[in-house]
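S.K.: Residues per chain, in single letters:
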Amino acid sequence: MNNPQLNKNGELQHLLTTEGLPAPILRAILDRAASFVNMAEGGEIKKVPLLQGKAVFNIFFENSTRTRTTFEIAAKRLSADVVNLNIGSSSTSKGETLLDTVDNLCAMHADMFVVRHSQSGAAHLIAKHVAPNIHVVNAGDGRHAHPTQALLDMLTIRHYKKEFHNLRVAIVGDVLHSRVARSQIHALTTLGVPEVRVIAPKTLLPTRVEHLGVQVYHDMAQGLKDVDVVMMLRLQNERMQGALLPSAQEYFKYYGLTQDKLALAKADAIVMHPGPMNRGVEIDSSVADGSHSVILPQVTFGIAVRMAVMSMLAGAK
Amino acid sequence: MNIQIKGGRLIDPKNGIDAKQDLFIAASKVAAIGNAPAGFVADQIIDASGLIVAPGLIDLAARLREPGYEYRATLESEMDAAVAGGVTSLSCPPDTDPPLDEPGLVEMLKHRAKTLNQAHVYPVGALTHGLKGAELTEMAELTDAGCVAFSQADAPLTDTRVLMRAMQYAATFGFSVWLRPQDSFLAKDGVAHDGEVATRLGLPAIPVCAETIALATMLQLAKETGVRLHICRISSEAGVALVRAAKQQGLPLTCDVSANHVHLSEMDIGFFDANCHLTPPLRSLRDRDALRAGLLDGTIDAICSDHTPVDEDAKQLPFAEAEAGATGLELLLPLALKWAGRDALSTALAKVTQQPAHILGLDAGHLSVGSAADVCVFDPDAYWKIEPAALKSQGKNTPFLGLELQGTVRYTLVDGQVVYQG
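Top to bottom, those sequences are chains D and Y.
Taking my numbering, the leading residue of the first sequence gets 19, the next gets one more, and so forth.
Taking my numbering, the leading residue of the second sequence gets 419, the next gets one more, and so forth.
It is worth saying that the hints were derived from the structure and are not from the lab.
Heads up, some of the hints might be wrong.
[Claimed, not checked] Listed next, with one range per pair, are the computed distances between beta-carbon atoms: (1) Arg760/Y - Asn25/D: 38 to 44 Å; (2) Pro40/D - Gly820/Y: 24 to 30 Å; (3) Gly820/Y - Leu314/D: 46 to 52 Å; (4) Gly820/Y - Asn151/D: 53 to 59 Å; (5) Asn122/D - Asp515/Y: 30 to 36 Å; (6) Ser309/D - Asp731/Y: 52 to 58 Å; (7) Arg760/Y - His183/D: 17 to 23 Å; (8) Gly210/D - Asp515/Y: 53 to 59 Å; (9) Thr576/Y - Gly71/D: 43 to 49 Å.
[Said to hold, decoys possible] Using 25 Å as the maximum straight-line C-alpha spacing, the simulated BS3-like pairs for lysine-lysine come out as follows: (10) Lys146/D - Lys803/Y; (11) Lys220/D - Lys814/Y; (12) Lys814/Y - Lys146/D.
Ideal placement from N, C-alpha and C gives every residue a C-beta, glycine not left out.
Input sequences plus hints: build the corresponding full structure.
M.R.: Now the structure itself:
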């Protein structure tokens, strides 16, 4: 099976998932993203011409504010022409299929698609369909993958912890429905994190999750013990239906991140969250706003990572 | 018309024949094997040197898509596909639109099929009205119209009291009930086996217990009611074990598996290949191996194609939204041969001739003197490439696209008439 993300030269052709991406490519993305972070902090140069004359289409079949906005800012800083489409409210409701929509946008001379869709595999389907000069970035497909989120998380971890090979990382919450968790797990294990833990009740863990290379915990006190990084996941309100959880209150009591529970982690542990947060459901406000939290820097790094990914794709031959 | 099929290796699993013998056909029946009957003059001689002469294949599950889904396939296209695959008899599930729950619909289908003069069609009637799982159909009337068994196809029957009564009623008349075991609550929204691949790809999953729980219920009710139960499309190791145990206890039970599941597993989904979106889902390699072993020890009686033509657009969608199913009539023979291997042709053929005939209660699937001359002549060594242009079926969707398989049909005869020549 060919890796659909790489071209014949082994360069990044599409970014669909962190699974199967070689570590050198992951590191190259992080390195380039770090240079963009420095550039932004320097304050002088905000725009670079790497995507000048290129048309980037943000096609979002599912609502998103943060991800779409950061992709838009990233593309604009690379001097691309950006078109935002919220398809959730237009074509598909008129019966147009996903690939028809894509064909139409290709006819408008798109160079790159940034896609979010509620179905796992949507980005792969588009990548397989488009001409070889068009690049696809997966901005979240169903429960499957959200690679730029995972990469910005890796950049954040590297920024605060410098190395990956000596870390203990815990991912807490609804792993079953989380594309973020899947992408984080693959990125962490590829970059050499020796111990990745997932902490959740059994109803929120997929079958054989340990085969992804993680250790499974059902108890926060045990799972958070001596970890360097705590990665919280968002809990969707609809999980209270379908008999997955009894109530938000009980969930918060046993799996919400509070100061008390965080005290079990290492003293210099960092706390991350992909947003948007449910304060008082998966995370206590005092932790979200506390000294261990790196949740806002994550957002800043998100722009740099998306710039790095888009510029690397545009540079692939 | 008198036909002599000359010089072939005749394999008839039911009669235990595997020898180089000529087959003589007269008046649409098998007239003799080996030596010509007295006074036989052949109008046509088919040279079968290097070829296998076997009973025509019998497929327990082929969706012809009529009535209601003609945009996916028509009776004409799928009947062409059947004989191109060496299939001379097939039974079709009742999940048409409307479902086969009225004698008129069944008579119409039988009539339409008959005028095409190709494979024999044996409809399976709906067990409940509209396949809704609430009210019984007129099973006796439907049988008079031509139904050979009763089934829910893939529609759920959650009310166990209705299931029990349906079995009791069918048992009254000695009708067979065909069921695919799947608990509809556990399978809700699921599109892939609950295992490593679904976890990796983030696909909603169907656990094995969805099959075993439904199966245990069916087996217990079959025991209670004495109905002749046929289990369709078994998919898991645990399911095979339950069927094996029930058979050992003497339950009058038969069981089939789809040809896809004999060869494929969840791993074949790869990067969301919608052609591998099947019902039931492709399970683990371990399950696949158990299905193969179950076939070999007789726990699983027959291999069917589970032919489900799907139009191109319905597969060009994200995996979960893509329609389930694969085209199969033309792949049944090569896939059965691939399972048993080149040295066990008779074993393979038994699973697609003698055994399905037994399940259907048909005097077919063999080449005894006096029986209908339904014959498949094929080259067991010739490869052919599975690609859209090579398929007569309107459905071009199969996980095997691009592969080359051995087993190429050269002639298909139905009632002594050559209906296909490849």
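S.K.: Look at each hint and say if it fits the structure.
M.R.: Hint check:
1. Arg760/Y - Asn25/D: 38 to 44 Å: Holds, since Arg760/Y and Asn25/D (Cβ atoms, about 40 Å apart) stay within the stated range.
2. Pro40/D - Gly820/Y: 24 to 30 Å: Taking Cβ atoms as reference, Pro40/D and Gly820/Y lie about 27 Å apart, which means the hint holds.
3. Gly820/Y - Leu314/D: 46 to 52 Å: Between Gly820/Y and Leu314/D, where Cβ atoms are some 50 Å apart, the hint holds.
4. Gly820/Y - Asn151/D: 53 to 59 Å: Since Gly820/Y and Asn151/D have Cβ atoms about 25 Å apart, the given range 53 to 59 Å is violated.
5. Asn122/D - Asp515/Y: 30 to 36 Å: For Asn122/D and Asp515/Y the Cβ distance comes to about 31 Å; the hint holds.
6. Ser309/D - Asp731/Y: 52 to 58 Å: Given a distance of about 55 Å, which is inside 52 to 58 Å, the answer is holds.
7. Arg760/Y - His183/D: 17 to 23 Å: Cβ of Arg760/Y to Cβ of His183/D: about 52 Å, so the range 17 to 23 Å is violated.
8. Gly210/D - Asp515/Y: 53 to 59 Å: Roughly 55 Å apart at Cβ, these two residues keep to the hinted range, so it holds.
9. Thr576/Y - Gly71/D: 43 to 49 Å: violated (59 Å)
10. Lys146/D - Lys803/Y: holds (23 Å)
11. Lys220/D - Lys814/Y: With Cα atoms ~41 Å apart, Lys220/D and Lys814/Y exceed 25 Å; violated.
12. Lys814/Y - Lys146/D: holds (18 Å)
Hint compliance for this structure: hints 4, 7, 9, 11 are broken, all remaining hints hold.
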